[in-house]
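2 protein chains.
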Amino acid sequence: MSSAATTLYGGVETGGTWCVCAVGTGPDGIVAQETFPTGAPDPTLERIVAFFARGPRPEAIGIGSFGPVDLDPQSPDWGSVTTTPKPGWRHTPVATTLRDALGIPVAFDTDVNAAAIGEHRWGAGRGLPSLVYLTVGTGIGAGVLVDGRPVHGLIHPEVGHLRIPHDRGRDPFDGACPVHGDCWEGLASGVAIARRWGAPADELPDDHPAWAQEAEYVALGLLSIVSVVSPHRLIVGGGVMERAGMVAAVAKMLRELNGGYLDSRMLGDEVERYVVAPELGDRAGVLGAIALAHDAS
Amino acid sequence: MSSAATTLYGGVETGGTWCVCAVGTGPDGIVAQETFPTGAPDPTLERIVAFFARGPRPEAIGIGSFGPVDLDPQSPDWGSVTTTPKPGWRHTPVATTLRDALGIPVAFDTDVNAAAIGEHRWGAGRGLPSLVYLTVGTGIGAGVLVDGRPVHGLIHPEVGHLRIPHDRGRDPFDGACPVHGDCWEGLASGVAIARRWGAPADELPDDHPAWAQEAEYVALGLLSIVSVVSPHRLIVGGGVMERAGMVAAVAKMLRELNGGYLDSRMLGDEVERYVVAPELGDRAGVLGAIALAHDAS
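Quick note, the sequences are listed as chains A and B, same order. Sequential numbering of the first sequence, starting at 1, is according to the working numbering. Sequential numbering of the second sequence, starting at 1, is according to the working numbering.
No lab work stands behind these hints, which were simulated from the structure alone. Where hints are given, some of them may not hold.
[As the list claims (entries may be wrong)] If we take Cβ atoms under 8 Å as the criterion, some of the chain A residues that face chain B in the derived model are: (1) Leu-102; (2) Ser-130; (3) Val-144; (4) Leu-154; (5) Leu-162; (6) Leu-204; (7) Asp-206; (8) His-208; (9) Ser-227; (10) Val-229; (11) Ser-264; (12) Ser-297.
[Said to hold, decoys possible] Now the stretches of chain A that chain B is said to cover, found in silico as 3 or more residues with beta-carbon under 8 Å: (13) 17-23; (14) 215-226.
Treat the numbers as computed from the prediction; the structure is a model and nothing was measured. Where is the CB? At the ideal position from N, CA and C, for every residue including glycine.
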C-alpha cells in the first residue's frame, strides 16, 4: 500500500450537462483534469475510459452520477442510471462499464452525494456531523450526509420532485417537469426559469422579478429539507445560485418561512452562516468522487 | 450487571395530550404501566416520579417527549422542551428533573423518534436500515432513523411545519398553525380537521369529504419525506390515521404523486407494504423509550 500523500485517485462527475474527470489527491493535488459535454452514453463512457487510460493511472475511481441511479450493492443493476428522462441513458451501467474497461475498483454514488462529500471533506462542510448539498441548475438535486455518510435508503434522496406551494394567481406557469408539472424542480430549476420567462436565467437582469420568486421557491424546498433531516448546514450551489446575492436571499427567505418556530440562531440571526455557497464551486462533485474512491479503497 | 432478560427499564412518553409511563423489558414484558393526561409541567413530572418511585425500580429510564426539545448533549438545556406553544411547558427541563429526582440514568429523545425506535426494535420496522415514523394526531410529527439510529442534526426533524401545496379554491381554510397558518400540520392535523369542519375527526362519517382531502395532504408531506431521506418504510400512526382505510388511502395517493418517477415497487405495486400502520399501536412511544433506556445503559 502506498502512502496517502502519493496515492492517486480518480474522480468522475457525470452530470446532466457536463462530465468532469480528474486524477489526484484532493483540491490542491489534481494532476490531470478534463471537462466535456455529456453526450450519448457510449461515446461519453469511452471518453472517460480514454482519459484514465492515458494516465497517470489512479488506484481506484469514484463516480458521482446524475440520477436516479441504483446504489444497492446487492442489486444486479448496481452502478446504473435507472429511470432518467435523459435521452439514451435509461438503464446505462455506468460503474460496471468503467470498472471492466479500466480494471480498477470503482465507487459509485449520485452526483449530489459526491458533491456533499467533497464539501464535507475539503469545503464548506468541514467537521460537521451532517449537511445537505443542494444544486439548482438544469434540474434540482441534493446530497444528504448524516453522521458524515451519504444517505441512500430505499433509493436515494431525490429532492427535485417534492411539492411546494404554488400560487397560480401570482405564478400561472404550469411547471416544467415532464412527470409532475409543478414539483419543486418544475417550478424552480434553470429549465423552469427559462421556459417561464422566455430567456435563460443567466440573461435575466438582477432586478428581474424572477429572482425574488426563485429565492422563495428555493427556500420553500429547503424548509422541507430542514424539517425532515435537520442538517447542520445547507450548502447551496448550481448555476442558478451563482447569481450575486441569491444564496443570501434564499437564507433570508428560509428564516422568514421558519418564523422563529425552530429555535436556533442558525435559522435566525446567523442564517447566512447556515445557508452558504459551496467553497469548492463547481469542483465539489469531482473532488467528492475522488474522496469516494479514497474511502472505498 | 444483571442479565438482559431480567433487567427492567423505564419508559416515559410525554405526549402533547397523554403521558404514558411503563417499566419492563419490552412489549411482552411490561410489569407496570400508567397513563394520565399531560397537565402543567410540575404536577405532571411529579406524577411521573411517583410512578417510578413506587417500583419496581428500573435500571434507567428513557423519555420520548413532545417537542421541540434540546437533544444536544453539550448544551446546558439538554433534555428540555424548548419553544413549544403548549401552555407552561416552554423551557421545561424534563430529563434533568427526572434524573435528579430518581437518581438513575436517563436517555432523552423526541416522542416520535422514540416511537420510531420502538417500531424498529419490536414492530413494523424490524430489520430495516432506515424508516420514518409519522404521527398525525393533535399535531404532526415524525421520527427518522438512518442506519438504525435516530436523526437529530441541528435540532431534530420537525416535519409538521414544512409546506405543502394548498389550493384555496378547493380548500379555503386558512390553516390552524398559530405560527405558519397553512403548513402541513396547519392543514392536516386533528386540530386542523376539527376547526375546518366544525367537528372532531373521530365524529366525521367515513364518507365525509374530509377523508379524501386528508389522505392527499398526508401523502404530500410524505412525498417530501421520501424525497429528502428515502426511508425503507413509512410507518404512519396517530389518532387521525386510525380511521379504517386511511393508511391505504395515503399509500395510494403517495403512489399517484410519485407518478412512476422513483422506480421502486415500494412506490408502485407494493406501496401498501411501504406505507404501513404501526404494529405497536399507541404503545410505540413508551416502548421505544424503554429501548432508549436499554441502549443508553
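Checklist entry - Which of the listed hints are broken here? => result Hints 1, 6, 7, 8, 12, 13 not satisfied by this model.
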